[in-house]
Amino acid sequence: MAEPVQEAIHAMEAYTGAEKGYRRAHSRGLVFRATFTPSPDARGLTTAEHFQGPPIRTLVRLSNAAGSPHAGDRVSPTRGRVLGLAVRFTLPSGGFATWAAANIPVFLVRTPEEFVQLTTAQRPEGEKRKPNPLRLLGYLATHLSTLRGIKGVAQLKPTPSFAHERFNGIHAYHLVDAHGQRRTFRYRWVPLAGPATLSEAEAAERPEQYLLDEIRERVSRERVSWDLELQLAQPGDPTHDATRAWPEDRPLVTVGRLVLERPYEDQRESEQFVFDPTGVVPGIELSDDPILRFRSQVYRESHHRRSQETKPEPKPADLGQ
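FYI, this note's numbering numbers position 258 of the sequence shown as 347, with every residue one higher than the one before it.
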């Protein structure tokens, strides 16, 4: 798998441009201290220790998914940007569990090979540094499953705040309870503030980068929280294909609440944290989704590269201190 990982990182760097010292995706973000409190229902579903009762100290990174720290928080006044919410649970026994979610309903590709092909097809070229639309159309013509993910991205609207976004884990996992029973699920973080979008006029009035300043200020004055919901699979629901959503009539179970408290004290240190979507503990198992494990390897290669680099000064806006 090492070769596809290297190919993926090279493709990402060619697509967005490599900014030394930054993540190759979700480059601009802000980490918060937070608390996760599991619900009483959680304990009966899994033996995972962060779902057994006491509140859990947590770190949360909110981010713009772009590979450049200079990217705006919206594509245009009518189109939003892919955003991320990543979590690191501090376990009572020591160590961490980590997850990473995004505000899109499905992923864009099914396999590592498709990821490299799609990212390469979007590589900018020419004096204007724009992707070649014919190359992208050629890829889509033979990978119709990607259209589901592109539709989800295209339907994003500019948001007034991270606090109004629902973040989806996208991949399937398995719960394991005390009796060894396995239940397959996907997870989502549902905002207690409810959904909201900006009108075209409102979005046009916002600066290019505004979301991190907004959430930092919001947390200082009010409670910002998400409920963790598990969508339970039914027979036939795909576990290996992150481009396919499950029907919305599948059972949902609320298993906890995440509350932001304050920005992490050292944002530069936090940039070395890896929010690996495969960072599970006994009681939760990975599915057969090939992209899930591939993302883990890409994240770790991204971390290796940026840890060897010197971040330029001054820092792009909104990264914190």
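Treat the hints with caution; some may be incorrect.
[What the hints assert, rightly or not] The calculated lysine-lysine pairs, modelled on DSBU-like cross-linking and capped at a C-alpha distance of 35 Å, are:
#1 K109 / K240
#2 K240 / K219
#3 K219 / K109
#4 K246 / K109
#5 K246 / K219
No lab work stands behind these hints, which were simulated from the structure alone.
Open item on the list: Check whether the Cα positions of K219 and K109 lie no farther apart than 35 Å.
Closed with: Holds: K219 and K109 sit about 22 Å apart, inside 35 Å.
TODO: Assess, step by step, whether the Cα of K246 is no farther than 35 Å from the Cα of K109, and give holds or violated.
DONE: Holds, because 30 Å separates the two Cα atoms, which is no more than 35 Å.
Open item on the list: What's the verdict on K246 and K219, does the C-alpha distance respect the 35 Å limit or exceed it?
Closed with: holds, 23 Å
Open item on the list: For a C-alpha distance cap of 35 Å, please report whether K240 and K219 respect it.
Closed with: The hint holds at about 20 Å.
Task: Hinted pair K109 and K240, Cα distance within 35 Å - done: holds, 31 Å
This entry satisfies every hint, going by the numbered hints stated previously.
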